[in-house]
Amino acid sequence: MAVAPGVGARSAWGPGFWASFAACALVLTLVVPVLNIWVAPDSPVALPDYLVPLLGKYLCYALLALSLDLIWGYAGILSLGHGAFFALGGYCTGMYLMRQIGTRGVYGNPLLPDFMVFLNWKELPWFWWGFDHFVYAAAMVVLVPGLLALVFGWLAFRSRVTGVYLSIITQAMTYALMLAFFRNDMGFGGNNGLTDYKDILGWDVHWSSTRLALYLASALALGLGYLACRFITVSKLGRVLLALRDAESRVRFLGYSVTNAKLFVFTFSAVLAGIAGALYVPQVGIINPSEFSPGNSIEIAIWVSVGGRGSLLGPIVGAVLVNLAKTWLTGAAPETWLFVLGALFVVMTLVFPRGLAGLTRRPDRIRPSVAVPVPAGEQA
Amino acid sequence: MKTAASTTDALLYLNGVTVSFDGFKALNDLSLVVEEGELRTIIGPNGAGKTTMMDVVTGKTRPDSGEVFFGGSEDLSRLDEAAIANLGIGRKFQQPTVFENLTVFENLELALAEGRGTWATLFSQLTSDRRDRIAATLARIGLLEQSGQAAGALSHGQKQWLEIGMLLIHDRTLLLLDEPVAGMTDRETEQTAELILDLAKDRTIIVVEHDMAFVRSLGARVTVLHEGSVLAEGSIDFVQNHSRVIEVYLGR
Numbered sequence: 118m119a120v121a122p123g124v125g126a127r128s129a130w131g132p133g134f135w136a137s138f139a140a141c142a143l144v145l146t147l148v149v150p151v152l153n154i155w156v157a158p159d160s161p162v163a164l165p166d167y168l169v170p171l172l173g174k175y176l177c178y179a180l181l182a183l184s185l186d187l188i189w190g191y192a193g194i195l196s197l198g199h200g201a202f203f204a205l206g207g208y209c210t211g212m213y214l215m216r217q218i219g220t221r222g223v224y225g226n227p228l229l230p231d232f233m234v235f236l237n238w239k240e241l242p243w244f245w246w247g248f249d250h251f252v253y254a255a256a257m258v259v260l261v262p263g264l265l266a267l268v269f270g271w272l273a274f275r276s277r278v279t280g281v282y283l284s285i286i287t288q289a290m291t292y293a294l295m296l297a298f299f300r301n302d303m304g305f306g307g308n309n310g311l312t313d314y315k316d317i318l319g320w321d322v323h324w325s326s327t328r329l330a331l332y333l334a335s336a337l338a339l340g341l342g343y344l345a346c347r348f349i350t351v352s353k354l355g356r357v358l359l360a361l362r363d364a365e366s367r368v369r370f371l372g373y374s375v376t377n378a379k380l381f382v383f384t385f386s387a388v389l390a391g392i393a394g395a396l397y398v399p400q401v402g403i404i405n406p407s408e409f410s411p412g413n414s415i416e417i418a419i420w421v422s423v424g425g426r427g428s429l430l431g432p433i434v435g436a437v438l439v440n441l442a443k444t445w446l447t448g449a450a451p452e453t454w455l456f457v458l459g460a461l462f463v464v465m466t467l468v469f470p471r472g473l474a475g476l477t478r479r480p481d482r483i484r485p486s487v488a489v490p491v492p493a494g495e496q497a
Numbered sequence: 022m023k024t025a026a027s028t029t030d031a032l033l034y035l036n037g038v039t040v041s042f043d044g045f046k047a048l049n050d051l052s053l054v055v056e057e058g059e060l061r062t063i064i065g066p067n068g069a070g071k072t073t074m075m076d077v078v079t080g081k082t083r084p085d086s087g088e089v090f091f092g093g094s095e096d097l098s099r100l101d102e103a104a105i106a107n108l109g110i111g112r113k114f115q116q117p118t119v120f121e122n123l124t125v126f127e128n129l130e131l132a133l134a135e136g137r138g139t140w141a142t143l144f145s146q147l148t149s150d151r152r153d154r155i156a157a158t159l160a161r162i163g164l165l166e167q168s169g170q171a172a173g174a175l176s177h178g179q180k181q182w183l184e185i186g187m188l189l190i191h192d193r194t195l196l197l198l199d200e201p202v203a204g205m206t207d208r209e210t211e212q213t214a215e216l217i218l219d220l221a222k223d224r225t226i227i228v229v230e231h232d233m234a235f236v237r238s239l240g241a242r243v244t245v246l247h248e249g250s251v252l253a254e255g256s257i258d259f260v261q262n263h264s265r266v267i268e269v270y271l272g273r
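Chains as they are written, first to last, in our numbering: chain A, 118 to 497; chain B, 22 to 273.
One should not assume that every hint holds.
[Stated by the list, open to error] Between beta-carbon pairs, the in silico distance windows are:
#1 R275(A) with Q116(B): 22 to 30 Å
#2 L476(A) with D153(B): 50 to 58 Å
#3 L438(A) with Q115(B): 40 to 48 Å
[As the list claims (entries may be wrong)] Stretch by stretch, here's where chain B covers chain A in the computed footprint (C-beta under 8 Å, at least three residues):
#4 353-360
#5 364-370
[Stated by the list, open to error] Every beta carbon over 10 Å from chain A, so not counted as near; a handful from chain B, in silico:
#6 D30
#7 E59
#8 N67
#9 R83
#10 F120
#11 G138
#12 H177
#13 A221
#14 K222
#15 S238
#16 L252
#17 Q261
#18 I267
Please keep in mind that the hints were generated in silico from the structure rather than gathered at the bench. Cβ atoms here follow ideal geometry from the backbone N, Cα and C, with glycine treated the same way.
Kindly produce the complete structure, drawing on both the sequences and the hints.
Given below as structure tokens:
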């Protein structure tokens, strides 16, 4: 019996894929440093220092979009609270960076960050303990969003909350967190958030080399995140997710635990969002409660739908393009941006429901025919 | 109440099962015994409780009272859908529900009997043995040609067969088929009857159906449900000449 090789999932890791992946990785990791460091500053193609963190910020947004696409595009879970996981990851690095300030703050207090001194706090709250150490903060970047997603997801998916109801409670979650973080007595800097960072791992955050390193770290995180998402989506679990997106109860009757499958991708996605937030904060230099605002989370969904959900590359491109447009337009004609964003979403949904990625693909998700062996002596 | 575990060796044993929805009794003290290896057809007018009976057996609905045992000792009223499916009870729905965005091949791949855990599926490999089993099933349900097509592009009858194939590939002990020929052409109905008779050689099957000609062609023992309990049980001829059945079916 001849068995045809190359059933869909296996060829997903063929040389063709690795060649294009390597090409994208090279462009992302080489072009920016070369244009920033080695090209003469007066050259028209030179990349000024102030643009490096901006590009790094786009890559963080791209990772955030990717994380939402994994659950929305593949498992049909539309989280409208993903900004919360992003912000929590961001607060973790923010707290680490605050602890690095030491006595260089306005009040010069060796034990407490400025805002705590201002509020007359006498000692460091327990939840700030450990954030002096980078490794501890890095672990929290993964654990805090991950645990929140695990608990929240377990409650929601176990009770079979799906569709628009799930979207609404994720909005409520991020809104509740925003209100909580706005409070001064929460111990996270209230309205002002955490800012005035000095250094990270001993490097001054304002150095151009630090900014370049942060940009490269963002590119690395995006690349690894992409590979991980691809691993999930081309695995059999990926097909379980697509199946439960379309006919959830049928998947249950096949004997799969829909709750566990959703919980796994939801938690993984939240961790990716947290990592994106963690890399974002040192590049923009501030984290405050507005990152939790429901509007932010909805904007992520717009990036994903512009790029094309259910394709991993689309949302990355979508996030970068929409944010490029935002950067440009909020500078050129700030009052028009929200109208443009809204119009973009409406037009994309009506005209290109599959987003930018849909323009490059055939209309239906029909993959190359799977060759199967014909068993000897069996006829239909 | 004494459990039935020690008193029955039937494959499926329902005793005094009652299910009510807002006061309406969908199942009313229903008792039903299906032996291993049996092919059983269940008929009844709309609202007789046929689908609710399947819901109870597959764990979708919990009975208000009564007992449901599988294989003599498994208490189905305490398990959820996934656990019951993994015991070897497969269900084909009234509406064909295949995964339309997956290919025919992938639909069968998901139904393969192998680890159902999230980790197991994440690292699952499509071995040549598994591929062969999928191919053999494709041949048996007559969909080899359509292997790489999106299941959404199949005809109505083909979707029904694919769904039966998905039950088949898992080596289920008990198959529940809810109106397997609804909406099929005469030719497809005939082919489906052949397929079911073929499958019934090595497993237990319960078929719920409206189509009397189809039920007759299966030639199996017939149970008539009415208002949530068993009205009559026997051969098709016995049932069709039963005075209460005629009354219920033909109006009073």
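Quiz item: Checking against the hints above, which ones are violated?
Solution: Those not satisfied are hints 2, 10 and 11.
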